[in-house]
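**Student:** Chain by chain, the residues:
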Amino acid sequence: QKEVEQNSGPLSVPEGAIASLNCTYSDRGSQSFFWYRQYSGKSPELIMFIYSNGDKEDGRFTAQLNKASQYVSLLIRDSQPSDSATYLCAVKGSSSYKLIFGSGTRLLVRP
Amino acid sequence: DARVTQTPRDKVTEMGQEVTMRCQPILGHNTVFWYRQTMKQGLELLAYFRNRAPLDDSGMPKDRFSAEMPDATLATLKIQPSEPRDSAVYFCASGPLSGQGVPDTQYFGPGTRLTVL
Numbered sequence: 001q002k003e004v005e006q007n008s009g010p011l012s013v014p015e016g017a018i019a020s021l022n023c024t025y026s027d028r029g030s031q032s033f034f035w036y037r038q039y040s041g042k043s044p045e046l047i048m049f050i051y052s053n054g055d056k057e058d059g060r061f062t063a064q065l066n067k068a069s070q071y072v073s074l075l076i077r078d079s080q081p082s083d084s085a086t087y088l089c090a091v092k093g094s095s096s097y098k099l100i101f102g103s104g105t106r107l108l109v110r111p
Numbered sequence: 001d002a003r004v005t006q007t008p009r010d011k012v013t014e015m016g017q018e019v020t021m022r023c024q025p026i027l028g029h030n031t032v033f034w035y036r037q038t039m040k041q042g043l044e045l046l047a048y049f050r051n052r053a054p055l056d057d058s059g060m061p062k063d064r065f066s067a068e069m070p071d072a073t074l075a076t077l078k079i080q081p082s083e084p085r086d087s088a089v090y091f092c093a094s095g096p097l098s099g100q101g102v103p104d105t106q107y108f109g110p111g112t113r114l115t116v117l
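Protein chains in written order, with this note's numbering: chain A, 1 to 111; chain B, 1 to 117.
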């Protein structure tokens, strides 16, 4: 079992819809959770982080964390074609320096 | 607009040649990471520095890779000799230490795309 799992996609949604990206992790001691966006040929760009159970909103993005179920999700409201990218979930333990990355979910937003 | 910078952005070399990649972390960040990304393996951690000290290089092939941080503004990753299987994109990332003294968020540089023929 991989430490951080993501569906590779592609997840295809129409413009204006809500895109829901999911990530599960195996280490119950994980404390910090990050979402990175990576456009093709570019570097990962940090878009959200979340530490506590519940929702965290930033503009059109909402990160959701459920530690009991060991999953973290990213919702993108009013999806735009410019949101088309690969979204990487990353998880870190409380005393660890390592970010464990998932393999990413490719999102396609259709005009 | 503070950013991690990396040079060169692209490097094409022949097998057996030495390759040096450079990274300038964001000013004030005291952790630096080197990653390699391939389609097959995704993002792999190669090395980690804290306050310029190498704390983990277990992800690197020791016989050919080396990573150093000669000062707070420069981190280097060297491959000698290079092999075709080293072809990948190499990212440097930097970040601050959290209040608990461990690395937290990481910000990535633009990467060096290495092709070894």
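Heads up, some of the hints might be wrong.
Each computed DSSO-like pair below joins lysine-lysine, with the alpha-carbon atoms no more than 27 angstroms apart [what the hints assert, rightly or not]:
1) A:Lys67 x B:Lys78
2) B:Lys62 x A:Lys2
3) A:Lys98 x B:Lys78
4) A:Lys98 x A:Lys56
No lab work stands behind these hints: they were computed from the structure.
**Student:** Taking the hints in turn, state whether each one holds.
**Tutor:** How the hints compare with the structure:
1. Distance restraint check for Lys67 of chain A and Lys78 of chain B: the Cα-Cα separation of roughly 39 angstroms exceeds the 27 angstroms cut-off, and the hinted pair is therefore not satisfied.
2. Taking the CA atoms of Lys62 of chain B and Lys2 of chain A, the gap is about 25 angstroms. The hint holds against a cut of 27 angstroms.
3. Taking the CA atoms of Lys98 of chain A and Lys78 of chain B, the gap is near 22 angstroms; set against the 27 angstroms cutoff, the hint holds.
4. For the hint linking Lys98 of chain A to Lys56 of chain A, the alpha-carbon distance of about 23 angstroms falls within 27 angstroms, and the restraint holds.
Hint 1 alone, counting from the list given before, is not met by this structure.
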